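Here the structure of chain X is known, so what remains is to put chain B with the ligands in place on it, guided by the hints.
One letter stands for each residue in the lines below.
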Amino acid sequence: MLFLAKENRLTPSALLEDKAGVELQRISDIASIPDYPVDSHYPYVKELQLFLSGRQLLLEEIPFALAIIHEHVLHGYVRYLPGIVFHDNKYQCQRCGNDEQRLFGSFACARCQKQCSYCRKCLMMGRVSQCTPLLTWSGPEPAFRFPNALAWEGTLSIAQKEAAEKIREAVESNGDLLVWAVCGAGKTEMLFYGMQAALTLGKRVAIATPRTDVVLELTPRMRQVFPTVPIASLFGGSEERHLFAPIVITTTHQLLRFKEAFDVMIIDEVDAFPFTADRMLQNAAAKARKQGGTEVFLTATPSIEWQRECAQRKRNHYILPARFHRHELPIPKFVWCGNWKKSLKKGRIPKKLLQWVLQRLKTGKQSFVFFPHIQLMEQSLPLFQQYHPDIQAVHSEDPNRKEKVQQMRNGKIPLLLTTTILERGVTIPNLDVAVLGAEDDTFTESALVQIAGRVGRSQNDPTGDVSFFHYGKTNAMIRARAQLLRMNKEARKRGLVD
Amino acid sequence: MQLFIKEYCLYCDGEIAPQIDWGSFFLGPEKKLLCESCKNRFERINGATCRICCRPMEQIAEQFQHDDLCNDCLRWESNRKWKHVLNQNSSLFVYNDFMAEVIARFKYRGDYLLVQYIAEQIKPLIVKHSFDYLVPIPLSKERLYERGFNQAEAIGKAAGFHTTNLLTRVHTEKQSKKTRAERMDLEQIFRIASQSPAIDGKYILLIDDIYTTGSTLRHAAYVLKAAGAARVQSVTVARG
Ligand SMILES: [Zn+2]
Ligand SMILES: [Zn+2]
Ligand SMILES: [Zn+2]
Ligand SMILES: [Zn+2]
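Protein sequence lines correspond, in order, to chains X and B.
Position 67 (the first sequence) corresponds to 66 in the working numbering; numbering is contiguous.
Position 114 (the second sequence) corresponds to 126 in the working numbering; numbering is contiguous.
Hints listed in this document are in silico derivations from the structure and should not be mistaken for laboratory results.
Subject to a maximum C-alpha distance of 25 Å in a straight line, what follows is the list of computed BS3-like cross-link-like pairs (lysine-lysine):
hint, chain 1, residue 1, chain 2, residue 2
1, B, Lys44, X, Lys89
2, B, Lys43, X, Lys89
3, B, Lys153, X, Lys113
4, B, Lys135, B, Lys51
5, X, Lys89, B, Lys18
6, X, Lys18, B, Lys153
7, X, Lys113, B, Lys169
With the Cβ distance kept under 7 Å, some of the chain B side facing chain X (calculated, not the full set):
hint, residue
8, Arg121
9, Gly122
10, Asp123
11, Tyr124
12, Leu125
13, Leu156
14, Gly160
15, Phe161
Fair warning: this is a prediction, and the values are worked out from it, not measured in the lab.
For glycine and all other residues, C-beta sits at the position ideal for the given N, C-alpha and C.
So here's chain B without its partners, still in its complex pose:
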């Protein structure tokens, strides 16, 4: 048994100081993925949040809170097309500067290995849900080739779950160029994949790296509901 294997932080590559306590004495040291200082830069979502989108209420000005809903969700829910489409989203971390850095490095630079920490953290959140299918938000073919892996699928799998690709992307317009209203009404981004199993009456849990406007997840939920899904929830690593 080697007690003092050097461990390095997955993010900053700094050496992690070995901590020997009784647990590690008997069981061998627990593998640590991040150093304390990197770990502390993540900001977990705690306290009251919007019932649907998981946005921390403390980030929302009083006049934009409507009981336990945020302004955005109220607008989605008061639109006939979008009402009850996405039943609920849960997110793990606040999208702070550090989270933005982590996601950029993981998703855009393609540092796949960061999935280890993200998956370890999100696993308990996934476990809390009951679902028939864990469905990653798909990438377009071009994006997938560019990045080499689908970040949402990678997270789900690394957390130890089977993921099912029920969806494919129809077209790939850059979201940011559209206004919010345009985005809300945009024609379908997703359709049901050609060889997908039965969806009717199923509980679906969508997974993605980040919830920003909620538009992507709602579009995905929309086609799943249209195909008969009984409930569509989502989990994301960060809430933007």
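Chain X extracted, bound-state conformation:
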């Protein structure tokens, strides 16, 4: 879309009656975009407000006629922003923050009839190029209050209660907080009171997570405990038409479509791939939060930098060292198993691992064996199947991934070989885990803590075996074990385990 910029007024070309002889410009070439003051007497369209408030969208993403949208622009309720800016000889994408120059391309554009640069980084959400305006709502936000919306009868453990209190404080004081809670601490419940506090104050809340699975799991839970509050659930491919909701549960990716929307931003599993690796998602989370809003990070495995900041008290944090069922965390055993790659290539499962596996097959206790690489895992599968035909393997690109996990839950699979894809999220009640090649680089401290965290999750079976089979100990292995031991010690000190 092009604009006529004349006398401090922008008009989209599609709304011009006479285009002959006028000079049309791209949004990114217009030196100063007029700033219309909000006309408080203007009878704005409520549905547009509900749709666009806190968002930053392409024209194609807004189901209202351009004429209506533009009327709102003229009255100060909607703004056009350039999608791409060119500054200091550098392109920058205004939607995802990308400024890596190799991630821009340009083409002879049929829309603007010019060489048009576009962002390749956030392409999957619809292309943003130099002739693409982004639209935001600049009028009043929808107001809401939901006091006493929490309909939850459960109780919190002492530690959960403390964490919940910290979160509530952060929400009320616009502070930031890191909640470092071990796997199985029961972190969802800890959020309820803080969220209620936000709803009472009319603050909008986002729960963002890198993983779609978590969005799908969290949404029904939140709808159940806040039955009267509209809750939006957003992930790639979700059909849900967005309407303003006080609570938004979303993948971090979908946050790219928001701007200064949330008073409270809760980021779950902040360390999970790809959030730590991807600056784009961090930009998205920062952009979607209102200035001065609250930020709450939840994680079982903070990065080394964050751990250090916690130790030096440079970061406001709360450590929850114990599981809700008041049993200690299982501590991994290190088992040296020689050159396991060589054994596998010769068609032999390393002896110590084989003993471990056979013992579990005999007693019928289910287990995971983690592998560092897909290929090695797939080559090894037949070796394992000699001992039990129902043994299966799963990896991130396996189309039957969900079915296999379900079969595991149903007890149909005695042992599942897996890559790090199952390191988090999957909870199977009575489980042992082994890691083969624990010294491999894929097994970071976080990954190993998460893997150990699969064991002993249920009240009825709170213990289990975690064995790291290795060909040389690594720092990551040592740090992971030390972290778990430290948590247990802290839990004992605070009387959080029996």
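Okay, now just chain B with the ligands, sitting in the frame of chain X:
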């Protein structure tokens, strides 16, 4: 001379390991567009194919092979209207899952830059043909605005050829909603563009991203033949 400029894969953005051999030592490293693992996901069409549509014979059950023709082409060729309309199609890659991903990202998402690799690959195939005009299959006005560029034209140009828009689209019905028979007999989708140069007696090479049923290319060929073209061939990146 910088030998170790980091290169990134155009598709997955992974770093490409620099390979230094004697050639690169003297000439500077050759610019690589894709990493090995992405490159290996393309499946080149090799071996026997249908003489007209370039479909690999190994994909066709025995009873549907008729000497060097596939069943579809036999049907087109035994129809009086369509006989000899499209003289021959050549395609580069099998339309596998990866190719589908690449085309979706290039054409529908509009990641124009992928044209670099596609053009580099298809260039030798275009060079093999002799033609007077390289003609991209046109998009409707609405599609062109939506996508921002015509993928077929983009490929031809990026491969270093001059393209000529001899055709325009008449109407824009979604193909998939029609049955095959309907598609074969559909009224004209294309007409000759108003300011096109002389076509009579010319050799035409059509270019498109993908050959699926062959219907689009045959419709284009039909109007060109009706306007006097002596031969109409086509090249596509993928054979669906
Ligand atoms: Zn971007
Ligand atoms: Zn443009
Ligand atoms: Zn690649
Ligand atoms: Zn054929």
